[in-house]
Each structure stands twice: as structure tokens, then as C-alpha cells.
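K.L.:
Start from the sequences and build out the full structure, keeping to the hints where you can.
Chains A and B are the protein sequences, given in the same order.
Heads up: the first sequence begins at 1 in the working numbering, then just goes up one per residue.
Heads up: the second sequence begins at 1001 in the working numbering, then just goes up one per residue.
In short, the hints are calculated from the structure, not lab data.
Note that this is a predicted model, so its numbers are computed, not measured.
Beta carbons are placed, not taken as given, at the ideal position from N, Cα and C, and that holds for glycine.
The hints are all genuine.
Listed below are several chain A residues computed to face chain B (Cβ distance under 7 Å; list not exhaustive):
1. Y23
2. L93
3. R94
4. Q117
Within a straight-line C-alpha distance of at most 30 Å, the following computed DSSO-like cross-link-like pairs (lysine-lysine) qualify:
5. B:K1150 - A:K130
6. A:K86 - A:K41
7. A:K35 - B:K1150
8. A:K164 - A:K41
9. A:K86 - A:K35
10. B:K1096 - B:K1150
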Amino acid sequence: MNILRGLLTTVKHLPQEKVTIQYPERERPTRERFKGRHHLKRYDNGLEKCIGCSLCAAACPADAIWVEAAENTDEQRFSPGERYAKTYEINMLRCIFCGYCEDACPTEAIVLEHDHQLSFTNRRDAIYTKTMLIDPPAEGMEGTPRQVEPGVYTRSIPEMQNPK
Amino acid sequence: MGVTSKLGNLGVVTTTLEAAINWGRTNSMWPMLFGLACCAIEMMSSQASSYDASRFGMELMRPSPRQSDLMIVAGRVTRKMAPVLRQLYDQMPSPKWVVSMGDCASCGGIFNNYAIVQGVDEIVPVDVYVAGCPPRPEQLIHGLMTLHEKIKSERIVDWAK
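P.N.:
See below:
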């Protein structure tokens, strides 16, 4: 009789909703503040936000970020102000997704978004370059580098509101 | 070499055999319990009911290396643990695979110091690296999917080596 009583518990659970998430087909939605892969952002006019200051690399506890800056000119402008990031690399296998780079960035150029499916068969593939990290310009907007009028984009850090 | 020369011209037969064996290998892959740190908690979670790795034939974690095909190195490996890891890997029967789960196992992560091995690929051949600190169970399963794809692309010629 005890075995039947045990089986009754099993039978009771059969019609209930299944708890397993069928992962590759279905995904559990991430929380809003979840930190996944980094994205380099652009302004609405298509210029890059990153000014190559390397503050993210200095803040990184795992030394996962490598930034090399170069000078902007009005003939070849990537970002407002004097400099832009010529090389921007993040080693995804070093990165611990803490978000300190996000906090350190003066122009809010780097944002940790929700993509998290990062697995590699080769360690070299884990190094994400600038072309892989940067978001494409908004639709209809010209990308970078571009030629601009002299004297327009002199300020590297935009006017920003104080945090509330 | 012998296998290649004997089976080289049997195109249809060997591709079907490859597909069948690779299917068998991917769908009954028992992982070895090798939790070393916080990644082990996520590894347990990927085995539990929400994510349920047994959907992919990973029915149970084997504590014995003799009964396992896949070593999931979950966590930072200290220099003192390194010989143990190598010995357990050597005790696993072929064919065997290694997944390096998380930043610490893959390249030392934030522990860039004398006590931690800077990546388990210094001691064992790693097939898949999973990024994350620690990776979500979904990320680990994504890594296992990457490994499945890698195994499915293996050719009979490579087994002979």
C-alpha cells in the first residue's frame, strides 16, 4: 500500500506545470540590471561616445580592457573632442562583468547589456575588438570616420544632467 | 594512419558512421564532478530541475573519472590542485573532453597571482571556454552546445591520431 501512496504523489505532479525551462529554445528573461556583454554606444548623430581616456581600463579589477587612443581631426572625426579610441579590446574571459567600467566612463560610452551567451573554442576568439563591441549608427546616420565642419565638435564630454 | 588508408574511399559508409558515433557521443556525455569554487554552485543549478542538463544526456555527475567523458573545471585551480586535476584527467577513458567554466578556470580571472593557475589549458587540453563570473546555468549549457557542435564536426580521420 505504501508504494501506491508514493506513486500517488508522482501522479499528482504529472498534470502540474513543468518547472524546467527548455533552454536553447526558450530563455528565462534576464533582470533589468543584469550585466552581460559590453556595448560601445554612439550619440544620436552617429559619432562614437568613447573618447579613448582609458579610465575604464584603469578601473577594471581584472585588467580585461585595452584602449589605445589617437588624435581626431576634422577630416577624420570619430568622436567629439580631441581623441578617440583607435583600439578598444575586451577579453571576455578576463572580464568579471562587475560594471566598474560603466561607472568610470565619463561619457557613458560603455554599457553592459543583456547578451550573455559567450563560449569559445579558442582563447583568442574571446578578445572582442572595437568593431565587435560598437553599436551600429542609428538608421540613416553616417558612420565614423567622417569629415565635419571645423570648430563644431570641440567638447569631448557632453553637457550632462546631474544624477537624481 | 591505418584507419585513414582503409576507410578513405568508403565515403558514404564513413560519413554515416561518423554521424552515428558523434550523435552517440554528444547525447550521452557524463560529466565529472569537478567543482572547485563558486562556479560549482551554478553547475549544480544547471543540473537541477530549472535547467535540467539531463535533457542532453548528462544524467548524473560522476565522482569517478573512470565513468565520465567530460570534465567541467568549475572554479579557480590552485597550483596545489593542478597535479590532482591532471591525474584525474589522465584517469578518464578516451574519448574525453574538457570544458573550462568561468573566468578563473579559463585564464585566471581576477586572480592574477602566484597561487592560481592562469588557465587550465596550461595542464589539460581545453575544448570549450565559457565566459562569465560565474556563468549563468544558461551560459554553461550554451558552452555544452558549442562542445556538441565541435564534436559533431569531428571526422573519422582525426580519431586515428
